[in-house]
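K.L.:
The chain contents come next:
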Amino acid sequence: MSTSSAPTLSATDAVPRGLMKRVLARLPARVALVVIGLYVLAGLIPWIGAIPRFPQQYSPLQLAGERAVQSEDSYSPPSVASFGRWFGTEIAGRPVIWRLMCGANVALTLAVCASLLTLMIGLIFGLLAGYFGGWVDALIMWLVTTISSIPWVLLLLAMVYALRNVPILPPEVVGGERRPLGPLAIIIIALGLTDWVGLCRLVRGQTLQLRSRDYISAAVAMGAGTPRIIFRHILPGVWHLVIITSSLGVIAYVQAEVVMTFLGLGVTDQPSWGRMIDDAKLELLRGVWWQFAAATAAVGILCLALNILGDALRDALDVRR
Amino acid sequence: MAAYLIRRLLLTIPTIMGIVLITFLLFNVIGGDPARPFAGKNPTPESLHAILAKMGLDKPRFINTTEPLNTQFFDLVRFKFPHSMRYDASFWELLAERGPVSLTIALPAFFISLGLQLGLSLISAARLGRWPDYAITAVCILLLALPPVSLYYCMQWVGGAWLGWFPVAGWEDFPYSLKYVCLPVICAVLASLGAGTRFYRTVVLDEVGQDYLRTARAKGVSETDVYLVHLLRNALVPVVTTTVTQLPLLVLGELILESVFQIPGLGGLLVGAILNNDYGVVMPVTYLSSISYCLSLLATDILYTLVDPRIALK
Numbered sequence: 001m002s003t004s005s006a007p008t009l010s011a012t013d014a015v016p017r018g019l020m021k022r023v024l025a026r027l028p029a030r031v032a033l034v035v036i037g038l039y040v041l042a043g044l045i046p047w048i049g050a051i052p053r054f055p056q057q058y059s060p061l062q063l064a065g066e067r068a069v070q071s072e073d074s075y076s077p078p079s080v081a082s083f084g085r086w087f088g089t090e091i092a093g094r095p096v097i098w099r100l101m102c103g104a105n106v107a108l109t110l111a112v113c114a115s116l117l118t119l120m121i122g123l124i125f126g127l128l129a130g131y132f133g134g135w136v137d138a139l140i141m142w143l144v145t146t147i148s149s150i151p152w153v154l155l156l157l158a159m160v161y162a163l164r165n166v167p168i169l170p171p172e173v174v175g176g177e178r179r180p181l182g183p184l185a186i187i188i189i190a191l192g193l194t195d196w197v198g199l200c201r202l203v204r205g206q207t208l209q210l211r212s213r214d215y216i217s218a219a220v221a222m223g224a225g226t227p228r229i230i231f232r233h234i235l236p237g238v239w240h241l242v243i244i245t246s247s248l249g250v251i252a253y254v255q256a257e258v259v260m261t262f263l264g265l266g267v268t269d270q271p272s273w274g275r276m277i278d279d280a281k282l283e284l285l286r287g288v289w290w291q292f293a294a295a296t297a298a299v300g301i302l303c304l305a306l307n308i309l310g311d312a313l314r315d316a317l318d319v320r321r
Numbered sequence: 001m002a003a004y005l006i007r008r009l010l011l012t013i014p015t016i017m018g019i020v021l022i023t024f025l026l027f028n029v030i031g032g033d034p035a036r037p038f039a040g041k042n043p044t045p046e047s048l049h050a051i052l053a054k055m056g057l058d059k060p061r062f063i064n065t066t067e068p069l070n071t072q073f074f075d076l077v078r079f080k081f082p083h084s085m086r087y088d089a090s091f092w093e094l095l096a097e098r099g100p101v102s103l104t105i106a107l108p109a110f111f112i113s114l115g116l117q118l119g120l121s122l123i124s125a126a127r128l129g130r131w132p133d134y135a136i137t138a139v140c141i142l143l144l145a146l147p148p149v150s151l152y153y154c155m156q157w158v159g160g161a162w163l164g165w166f167p168v169a170g171w172e173d174f175p176y177s178l179k180y181v182c183l184p185v186i187c188a189v190l191a192s193l194g195a196g197t198r199f200y201r202t203v204v205l206d207e208v209g210q211d212y213l214r215t216a217r218a219k220g221v222s223e224t225d226v227y228l229v230h231l232l233r234n235a236l237v238p239v240v241t242t243t244v245t246q247l248p249l250l251v252l253g254e255l256i257l258e259s260v261f262q263i264p265g266l267g268g269l270l271v272g273a274i275l276n277n278d279y280g281v282v283m284p285v286t287y288l289s290s291i292s293y294c295l296s297l298l299a300t301d302i303l304y305t306l307v308d309p310r311i312a313l314k
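Protein sequences, first through last, are from chains A and B.
The first sequence: position 38 = 38 (our numbering), numbered continuously.
The second sequence: position 121 = 121 (our numbering), numbered continuously.
Excised from the complex, chain B in its bound form (with noise of 0.2 Å):
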C-alpha cells in the first residue's frame, strides 16, 4: 500500500509539470502581450512596461541570471499568479470574494443532480426493457443533444419571464439568494442529467447480472433493498470517482451558467475576463483546475480502497 502510493505520487509529478508547462506555453509563450489590452489605443512601450509591472509580468520568462527564482515560471510553481487588470486584484482575492458565490450554486445542484442521476438509473435498470426505462433514456438522450446555452435560455424565459415564479436573473446577499438560486440550479441540475444517467445506468446494468444479487433475492431480501442496499454499494466506485474529481471544480463555478443569469461568481467573472482579455483570471482558473483535478484523481485512487476492499493497490 504505502509502495503504491509513493509510486503513485511520483507518477503524478510529471503530468503536473506538464500541466505548468502547456499554460505556461499558451499563454504567455504563445499568447500575445498581456498588457495590450489594457494599454489603450496607442500604448507607448513605457506605458505597456508599467502594465506588466503591475501586474508582475516585467521579468524574464524562463531564465534569470541574477535572481534565478525570479522569473514568470517560478511564479507560476509557487502559485503567485499575475495581477488582474480588469478587476485590479490578485486572483486568491477574487476567488476568495467569488467562490463562495458560486458554490451556492454549484454545490446543491451537484448533489441533487448526483441523486437524481443515481436513482433515474437505479429505475431504468430496474425496469429494463420496459416504458420507465424507455422515458427515462429518452429524457437523457434529449437533454443531452440540447446545447446548454439554449436551455439556460429556455429555463430563463419559461421560469423567469412568462411563469413568473423565479427571478430572470440577478443575485442579492444571503437570505435574499434563497430566491436567485433556485432557477439556475434547475438548470445545473437538468444540464448535467443526460450524460450522468446515461453513464450510471450502464454502471448499474454491469452490476444487475451479477451472482450477488441473485444471492439476496434468495435470502428473500426485498426487491428494494436489492438495489438500494447490494446494488448501491457496488456501483459507488465510479460515483467516487466523479464526486472527488468534480468537487473541488465546483468553486471556479459555471461559466455560461453564471453569465446568463448574471451570478457574481467566479465563472461569470471568467467570461468577463475572456472577453476583455484579461489575463490575470484565465490563466490562473485554467492552471488550478487542472492541478485540482490531477490531484482529486490521485485522492480517488486512495478512496477506491476505502470503498472497494477488492481493489487491492500494487
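Chain A on its own, in the form it takes in the complex (with noise of 0.2 Å):
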C-alpha cells in the first residue's frame, strides 16, 4: 500500500494524501459526481414536499370509476407542454417525472441505510476478525463464508421471505395488531445482513497487514488500549476499502430493489424505479414506454456514473496493490 521504503509510523499514510484532488483530476470522474449530485438533489424533492400528491394504490371501484371518467386517454407521451409531462404520464395518469423523483427518494434512502449498515456490521466484524485472530477470527470467517456459499438473490429473499413475518414490535405492546415492517425497511435490513461479506473479507486482510506494521508495535510500546488501537490507529487504514465498497454497493442495492420488485418482494407502497420497469408489464403492450425507458435510464445512468466513480476510486487508491 505504502510507496514509501521507510515504516510507516501513522495510518493516515495508508490512504493516499489529496484522494479527491486525485479522483477529480479526472474528467469522466468529474461528470459522475455532478451527477449523483444531482440524483441525491431529486431525491430531497419528495422529502421537502414540493411534490403533489398523488394517491399510489387505488381500491378498485376508485380504479373503475377512473377508467370510466378517463377512458383510455389516461396516459398521455411526453411532450414539453407543461413541466408534469417532460416525460410523459403512466397509465393511471400520474406524471412520470414526480415519480422519477420519488423513485430517487427510495434509491437514496436505500443507498444511505443499507450502506450504513453494511458498513457497520462489516467494519466491526473486519477489525474484530483480523486484530484478535484465534477463535474470534475463525467463528467470524466461518459465518462469512457460509453466507458468501449462497447465491446472493436467494439469500436476499430468503432474508425478505423471513423478515416478512417479523413484526417490529410484540403484539401485546403494540395493541394486538401486528405491525410488520414497511417493505422498504425490509429490502434495508435485508441488504445490510446480506452485503456486509465482501467488506468484511477486506477490512479483515487489511486489519492483518496492518497490525504488524511498526507504527501499531510502537502504540502497543507506548501503553496505548486495544479500543485506541483500532479505533485510532487501525480504522483510518482500512477507511479507502469502505469508500470503493460503499460506491459500488449502491449499484447493487439499487439494481437489487429493481429486482426484488419484479419478484414481487420489493417496494409496493411508494413508487420507485422498480416499480416503474416492473409496471411495463402492462405498459409495453399499450405502446406507452416512456416510464420503462425513464426508470431504465435512471437507474442506468446511476449505475453507469457509480461505476465510473468507484473505478476512479480504485484507481486512485491502487487498492490492487
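For the record, the hints were derived by calculation from the structure and aren't laboratory data.
Possibly wrong hints are sitting among the right ones.
Stated by the list, open to error - With a straight-line Cα cutoff of 20 Å, these simulated SDA-like cross-link-like pairs (lysine to any residue) come out:
1) A/281 with B/272
2) B/80 with B/104
3) A/281 with B/275
4) A/281 with B/151
5) A/281 with B/154
6) A/281 with B/169
7) A/281 with B/158
8) B/41 with A/180
Stated by the list, open to error - Not the full set, but computed from the structure, chain B residues with beta-carbon under 7 Å of chain A:
9) 18
10) 19
11) 30
12) 141
13) 146
14) 147
15) 150
16) 153
17) 157
18) 274
19) 275
20) 286
21) 289
22) 298
Given the structure is predicted, the values throughout are model-derived calculations rather than measurements.
All C-beta atoms, glycine included, are put in the ideal place defined by N, C-alpha and C.
Put the two chains together into one complex; each comes in its own frame, and the hints tell you how they fit.
P.N.:
Have a look at this one:
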C-alpha cells in the first residue's frame, strides 16, 4: 500500500493524501460526481414536500371509476407543454417525472441506510477478526464463508421472506395488532445483513496487514489500549476500503431493488424505479414506453456514474497492489 | 496432496453445516407458518395441521424425544424437502421435470457467453488503449449499468414485437423449442457479458506483461498464437473457477429471464413460488444451490492442480 520504503509511523499514510484531488483530476469522474449530486438533489425533493400528492394505491372501485371517466386517455406521451409531462404520464395518468423523483428518494434512502448497515457490520466484524485472530477470526470467517456460499439473490429473497413475518414490536406491546416492517425497511435490513461479507473480508485482510506494521507496535509499546489502537490507528487505514465498497455497493442495492420488486418482494407502498420498470408488463403492450424508458435510464445513468466514480477511486487508491 | 484434500474436505463441513443452519433458521424458525398461505381465509387449527402434515412438516423442529431422527432439521440434512403445495409435487419431481427446460436455455447461454467474454477480453488486452479496447469497455460498462429486467423487456420488444424475428414468449416441446430458445439465450448472454468481460480483461492484463510472452514472441510465435495458445492457457484458472461453480447452478435457471419469457423452467417456477409463498420450492432451491456452490468450490481446488501444475496444494 505505502510507496515509501521507510516504516510508516501513522495510519493515515495508508490512505494516499489528496485523494479527492486525484479522483477529480479526471473529467469522467468529475462528470460522474456531478451526476450523482443531481440524483441526490432529486431524491431530496419528495422529502421537502414539493411533490403534489398522487394516490399511490387505487381501490378497485376508484380504478373502475377512473377508467370510466378517463377512458383511454389517462396516459400521455412526453411533451414539453408542461413540466409534469416532460416524461409523459403513466397508465393511471400520474406524471412520470414525479414518480422518477420519488424513485430517486427510495434509492437514496436505500443507498444511505443499507450502506450504513453494511458498513457497521462489515467494519466491526472485519476489525475484530483481523485484530484478535484466533477463535474470533475463525468464527467470523466461518459466518462469512457460509453467507457467501449462498447465492446473493436467493439469500436476499430468503431474508425478505423471513423478515416479512417479523413484527416491529410484539403484538402485546402494540395492542394486539401485528404490524410488520415496511417493505422498504425489509429490503434495507435484508441488504445490510447479506452484503457485509465482502467488506468484512477486505477489512480483515487490511487489518491483518496493518497489525504487523511498526506504528502499531509503537502504539502498543507506548501503552495504548486495544480500543484506542483499533479506532485511532487501524480504522483510518481501512477507511479507503469502505469508500470503494460503498460506491460499488450502491449499484448493487439499486439493482437489487429492481429485481426484488420484479419478484414481488420489493417496495410496494411508494413509487420506485423497480415498480416503474415492473409496470412495463402492463404498459409496453399498449405502446406506453416512456415510463419504462425513463426508469431504465434513471437506474442506468446512476449505475454508470457510480461505476465510473468507483473505478476512479480504485485507481486513485490503487487497492490492487 | 491427499493430506490437503482431507483437510479441505473437513474445512467444507462447517460451511455446509452453516448453510443448513441459516436456511433452517430463515425458513423454519423466523419465517411464518408455511401452511398459512394455503389454508384459505379463515383457517381452523385442524386444516392448518392437515396442510402441515401433507407438507411433511408436522414434526418437531429440532428435538424429537421418541424418534430422534424424525425432525424437520434432520429432514433438511437428509435432503428430504417439504411437499410443494402450489405445484402439488415434491421438489425432486419438479426438478426432474423443469430442470431440463432451464438447461436448454442456460447451457448454450453460458458457453456462448464464456466464449465471448474470453474473446472480447483478449481483443481488449491485445489492443490496450486503442479504440477496440475503449469500445469493448464502453459496451461492457453500459451492459453492467442496465438492469437485467429492462434488458429483457427491451429485447423482447425489439426482437419479438418490433422486428418479429422471434416469438415474444412461450415454450413448446423439443423440435419447436429451438424457435423459443434464441431470444432468451441472446438476453442471457448480453446480461452476463459486461461483468464477465471486465473480469477476464483484468485477468488477461495481469498476464500480458509476463516474461513467458516475451519469450514466445522472441521465438517467433505469431501474435495470434501468443494470445490464443500461450496466454489463454495461463488465464485458465479463473475460467475453471467460474465454470465449475456456475455449472451446477444452471439447472436452477434464471429467475427473471424465465419469468419474462414464460419458460416453464425452474427459475420461472421459483418466481411463481415466491409470489405464492410456496415454502416447498423456495427453501430447497436456496439450500441446494448453496450446497452445490460449496462443493464445486472444493472441486475447483482439485481441478487447479490439473490446469496449473505450478499450484502446489499444501
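K.L.:
So, for every hint listed, does it hold in this structure?
P.N.:
Against the structure, the hints come out as follows:
1. Simply put, residue 281 of chain A and residue 272 of chain B have alpha-carbon atoms about 16 Å apart, close enough for the 20 Å limit, and the pair holds.
2. Taken as a hint, the residue 80 of chain B and residue 104 of chain B pair is broken in the structure, with Cα atoms around 27 Å apart against an allowance of 20 Å.
3. Taking the CA atoms of residue 281 of chain A and residue 275 of chain B, the gap is about 16 Å. The hint holds against a cut of 20 Å.
4. Proximity of residue 281 of chain A to residue 151 of chain B is assessed by CA-CA distance (about 13 Å); at most 20 Å being required, the pair is judged to hold.
5. Between residue 281 of chain A and residue 154 of chain B, the direct Cα distance comes to roughly 11 Å. Compliance with the 20 Å bound is thereby established for this hinted pair.
6. As the CA atoms of residue 281 of chain A and residue 169 of chain B are separated by approximately 13 Å, the hinted pair is consistent with the 20 Å bound.
7. The suggested pairing of residue 281 of chain A with residue 158 of chain B holds, with an alpha-carbon distance near 15 Å, which does not exceed 20 Å.
8. Among the hinted pairs, residue 41 of chain B with residue 180 of chain A is consistent with the structure: their alpha-carbon atoms are about 19 Å apart, no more than 20 Å.
9. Proximity of residue 18 of chain B to chain A holds as hinted, the smallest CB-CB distance being about 3 Å (cut-off 7 Å).
10. A distance limit of 7 Å between C-beta atoms decides the matter here; for residue 19 of chain B the minimum to chain A is near 6 Å, and the interface restraint holds.
11. About 4 Å separates the beta-carbon of residue 30 of chain B from the nearest beta-carbon of chain A, less than 7 Å, and the hint is met.
12. Hint status for residue 141 of chain B: holds, given a least beta-carbon distance of 6 Å to chain A, under 7 Å.
13. For the restraint placing residue 146 of chain B at the interface with chain A, the shortest Cβ-Cβ distance is roughly 5 Å, inside the 7 Å limit, so the hint holds.
14. The closest approach between the C-beta of residue 147 of chain B and any C-beta of chain A is roughly 4 Å, which is under the 7 Å cut-off, so the hint is satisfied.
15. Hint status for residue 150 of chain B: holds, given a least beta-carbon distance of 4 Å to chain A, under 7 Å.
16. Evaluation of the residue 153 of chain B hint against chain A yields a held restraint, the C-beta minimum of about 5 Å falling below 7 Å.
17. Below 7 Å, beta-carbon pairs count as interface contacts, and residue 157 of chain B has one with chain A at about 6 Å; its hint therefore holds.
18. Look at residue 274 of chain B: its Cβ gets to within about 5 Å of chain A, closer than 7 Å, so that hint holds up.
19. With a least beta-carbon distance of about 5 Å to chain A, the hint placing residue 275 of chain B at the interface is held under the 7 Å criterion.
20. Nearest Cβ of chain A to the Cβ of residue 286 of chain B: about 4 Å, under the 7 Å cut. The hint holds.
21. Annotation: interface hint on residue 289 of chain B holds; nearest CB of chain A at approximately 5 Å, less than 7 Å.
22. At its closest, the beta carbon of residue 298 of chain B sits 11 Å from a beta carbon of chain A; the interface hint therefore is violated under the 7 Å criterion.
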